[in-house]
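Protein sequences appear in the order of chains A and P. Be aware that the first sequence starts at 5, since it is given in the working numbering, and climbs by one per residue. Be aware that the second sequence starts at 12, since it is given in the working numbering, and climbs by one per residue.
The hints are simulated quantities; they were obtained by calculation from the structure and are not laboratory data. Hints may be right or wrong, so weigh each one.
Derived EDC-like pairs: lysine to aspartate or glutamate, alpha-carbon spacing no greater than 20 Å straight-line [what the hints assert, rightly or not]: (1) A:K61 <-> A:D88; (2) A:K41 <-> A:D63; (3) A:K62 <-> P:E112; (4) A:K75 <-> A:E60; (5) P:K68 <-> P:E86; (6) A:K72 <-> A:D53; (7) A:K61 <-> P:E112; (8) A:K46 <-> P:E112; (9) P:K107 <-> P:E63; (10) A:K41 <-> A:E19; (11) A:K41 <-> A:E83; (12) A:K41 <-> P:E112; (13) A:K62 <-> A:D88; (14) P:K107 <-> A:D53; (15) A:K102 <-> P:E63; (16) P:K24 <-> P:E93; (17) A:K102 <-> P:E112; (18) A:K72 <-> A:E9; (19) A:K102 <-> P:E86; (20) A:K26 <-> A:E60; (21) A:K41 <-> A:E87; (22) A:K62 <-> A:E83; (23) A:K41 <-> P:E117; (24) P:K68 <-> P:E112; (25) A:K46 <-> P:E117; (26) P:K68 <-> A:D31; (27) A:K41 <-> A:D88; (28) A:K75 <-> A:E9; (29) A:K102 <-> A:E9; (30) P:K24 <-> P:E86; (31) A:K75 <-> A:D31.
Partial list, computed: chain A residues near chain P (C-beta under 7 Å) [to be verified]: (32) Y36; (33) R47; (34) P48; (35) L50; (36) F93; (37) N100; (38) K102; (39) F105.
All residues carry an ideal CB built from backbone N, CA and C; glycine is no exception.
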Amino acid sequence: GENVEQHPSTLSVQEGDSAVIKCTYSDSASNYFPWYKQELGKRPQLIIDIRSNVGEKKDQRIAVTLNKTAKHFSLHITETQPEDSAVYFCAEDFGNEKLTFGTGTRLTIIP
Amino acid sequence: KAGVTQTPRYLIKTRGQQVTLSCSPISGHRSVSWYQQTPGQGLQFLFEYFSETQRNKGNFPGRFSGRQFSNSRSEMNVSTLELGDSALYLCASSLKGTVGELFFGEGSRLTVL
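Pulled out of the complex, with its shape left as it was, chain A reads as follows:
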């Protein structure tokens, strides 16, 4: 069945440094991998997503990489800023209208 493991559960980085969050999935049929950001007390919002026919996607300071052989995908945030502090969730879907989320990573940017 669908299962997504997300690590680490908490992450603290100095402002300006990079942050990396990794997720591992179990179903080789999974083909869609979004990342959602949830600020404290707010709703989750999509920040970037990638499909299985692409290995990497970038959007300004945010990038996602996908390794289909190893069944893992990672979120990379460069030049971190205080507003990057939030909980980040990875997710996967293999096209059956069932989105499975990881358990989240609480990222804290230290000024």
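Given chain A, put chain P in place with the hints provided.
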């Protein structure tokens, strides 16, 4: 364009009662999915509806049910409430389904005493 609206925002129930939560999607969105958010488990998928049809459901007991109306509005119901049902229930709407950007509501926070 109005966002996803969930009602009620907060509610308190006692064990054994039942509750109905409502979700109004963004205009034009035909897919509505529901998630349970708890501190320890993160976001867990409950079910997804498209054009009044449930296309998939998560691993929740039969006490959790839902439906979607012809105007795409959706409701979920939890019967015989248990303490462990205390959570934030989020709905999300999208144009076609769970592959693609989901727009979340602010959630309904349920406390079961």
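Hint by hint, here is what the structure shows:
| no. | hint | in the structure |
| --- | --- | --- |
| 1 | A:K61 <-> A:D88 | holds (19 Å) |
| 2 | A:K41 <-> A:D63 | holds (14 Å) |
| 3 | A:K62 <-> P:E112 | holds (16 Å) |
| 4 | A:K75 <-> A:E60 | holds (14 Å) |
| 5 | P:K68 <-> P:E86 | holds (14 Å) |
| 6 | A:K72 <-> A:D53 | holds (15 Å) |
| 7 | A:K61 <-> P:E112 | holds (16 Å) |
| 8 | A:K46 <-> P:E112 | holds (17 Å) |
| 9 | P:K107 <-> P:E63 | holds (13 Å) |
| 10 | A:K41 <-> A:E19 | holds (18 Å) |
| 11 | A:K41 <-> A:E83 | holds (17 Å) |
| 12 | A:K41 <-> P:E112 | holds (12 Å) |
| 13 | A:K62 <-> A:D88 | holds (16 Å) |
| 14 | P:K107 <-> A:D53 | holds (16 Å) |
| 15 | A:K102 <-> P:E63 | holds (16 Å) |
| 16 | P:K24 <-> P:E93 | holds (10 Å) |
| 17 | A:K102 <-> P:E112 | holds (13 Å) |
| 18 | A:K72 <-> A:E9 | holds (15 Å) |
| 19 | A:K102 <-> P:E86 | holds (18 Å) |
| 20 | A:K26 <-> A:E60 | holds (14 Å) |
| 21 | A:K41 <-> A:E87 | holds (11 Å) |
| 22 | A:K62 <-> A:E83 | holds (14 Å) |
| 23 | A:K41 <-> P:E117 | holds (14 Å) |
| 24 | P:K68 <-> P:E112 | holds (19 Å) |
| 25 | A:K46 <-> P:E117 | holds (7 Å) |
| 26 | P:K68 <-> A:D31 | holds (17 Å) |
| 27 | A:K41 <-> A:D88 | holds (9 Å) |
| 28 | A:K75 <-> A:E9 | holds (11 Å) |
| 29 | A:K102 <-> A:E9 | holds (16 Å) |
| 30 | P:K24 <-> P:E86 | holds (17 Å) |
| 31 | A:K75 <-> A:D31 | holds (8 Å) |
| 32 | Y36 | holds (5 Å) |
| 33 | R47 | holds (4 Å) |
| 34 | P48 | holds (5 Å) |
| 35 | L50 | holds (5 Å) |
| 36 | F93 | holds (6 Å) |
| 37 | N100 | holds (6 Å) |
| 38 | K102 | holds (4 Å) |
| 39 | F105 | holds (4 Å) |
Figure legend: structure checked against the earlier numbered hints; every hint is met.
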